[in-house]
Amino acid sequence: MANEKPQRQSPSPAEGQPPHSEPSQPVVAAPSFFPQWAQDLNVGLSFVGFFITLWVLYDVRRIRASFVARARLPALMRDIAKAGSTLNGHLQQWPEQRNPALGQIKVAAALLKTSVTIAPKSERRHLSRIHRKLTLAVTRASASAPLDEEAAWDMYSDIQSCLTSLDQAVKNLKWE
Amino acid sequence: MNPDEDTTTRLVVTLNRLTSQDKIKWAQQRPAPIVFRGTDDTIPSYLTTSYKGKRFALFQQRYQNYDGEHDRFYWSDRVVLAILDTFEQSIIWETSTPHAALSDLFETARHKVADIEGVLKDLLADGEEEEDEL
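Protein sequence lines, in the order shown, are assigned to chains F and C.
The opening position of the first sequence corresponds to residue 1 in my numbering, with each subsequent residue numbered one higher.
The opening position of the second sequence corresponds to residue 1 in my numbering, with each subsequent residue numbered one higher.
Hints are not guaranteed to be accurate.
Claimed, not checked - For lysine-lysine, the following BS3-like pairs were computed, each having C-alpha atoms within a straight-line distance of at most 27 Å:
1. Lys121/F x Lys106/F
2. Lys25/C x Lys82/F
3. Lys121/F x Lys171/F
4. Lys82/F x Lys112/C
5. Lys52/C x Lys121/C
6. Lys113/F x Lys174/F
7. Lys174/F x Lys106/F
8. Lys82/F x Lys121/F
9. Lys82/F x Lys52/C
Simulated from the structure, these hints should not be mistaken for laboratory data.
Required output: the full structure, derived from the provided sequences and hints.
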């Protein structure tokens, strides 16, 4: 009809958009007090701080271990030296004192096991090797294959070498 | 571990073992003057032996230490193993470490020199004779 007003047609939806949906508005962030470069710097420093935290955690554990070693090692050394001296006494009366000597070797092995966990890393390998050797000898000694004097003296020598290592470790710890 | 310290430890343990097995004999004697000349040290016990052409001296040395905190001297002792020349006129080498091994060697050597076993046997033999007489 001529008097009919032309209907206003809504604009056709753009391609890819669902029909009858309003076009998306870009999200505008609230304006920040700090400039962008400061915010980027903040994020970067947070990452650095995270790694520093890890390093501090590691260092605190190392310092704590050093204090524990400094406190415990001298007493452990005295006990190991006492076991070594007692073993020396038994070795003077071989083979009558064979079994008590074996007992002292067990005591020394147990003390060395404790010292391995406390000693500095530089000494642990040596102590661990001696501990394994003593433990193996004690395990193998039996009624059918008793411990012989040569092996007993060899183990006494190993115990003394451990004491020398621990003595140096204690001296080094005084300077840490 | 320091190789020198390891060698010293092995030497001390070897001497201890040879002493225990009576392969070397220690003798008590007066300290060689070179050991204490120029010091205020006291040598209460001095043992010597010869092994593989070397003259070994094993002695207990009492020396004075200074305590700076209290400004006083105090006595300490240690066991020293030394190698002397043939005429005991000079010290070729000496060590006071390792402490534990040297103490054990000293005890073993003293035990052998004092012949504790022989003394005990004599005492027990005397005791048996008295019992027989009764």
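Do the hints match the structure? See the list:
1. Note on Lys121/F and Lys106/F: the hinted pairing holds, with a Cα-Cα distance of about 24 Å set against a maximum of 27 Å.
2. With a CA separation close to 25 Å, the supplied pair Lys25/C and Lys82/F stays within the 27 Å bound.
3. A hinted pair counts as satisfied when its Cα atoms are at most 27 Å apart, and Lys121/F with Lys171/F qualifies at roughly 15 Å.
4. A C-alpha spacing of about 21 Å is found between Lys82/F and Lys112/C, which places the hinted pair at or below 27 Å, so the restraint holds.
5. Note on Lys52/C and Lys121/C: the hinted pairing is violated, with a Cα-Cα distance of about 32 Å set against a maximum of 27 Å.
6. With a CA separation close to 23 Å, the supplied pair Lys113/F and Lys174/F stays within the 27 Å bound.
7. Restraint check for Lys174/F and Lys106/F: the C-alpha separation of about 30 Å exceeds 27 Å, so the hint is violated.
8. Proximity of Lys82/F to Lys121/F is assessed by CA-CA distance (about 24 Å); at most 27 Å being required, the pair is judged to hold.
9. Among the hinted pairs, Lys82/F with Lys52/C is inconsistent with the structure: their alpha-carbon atoms are about 31 Å apart, more than 27 Å.
When the structure is compared with the earlier hints, violations turn up for hints 5, 7, 9 and for no others.
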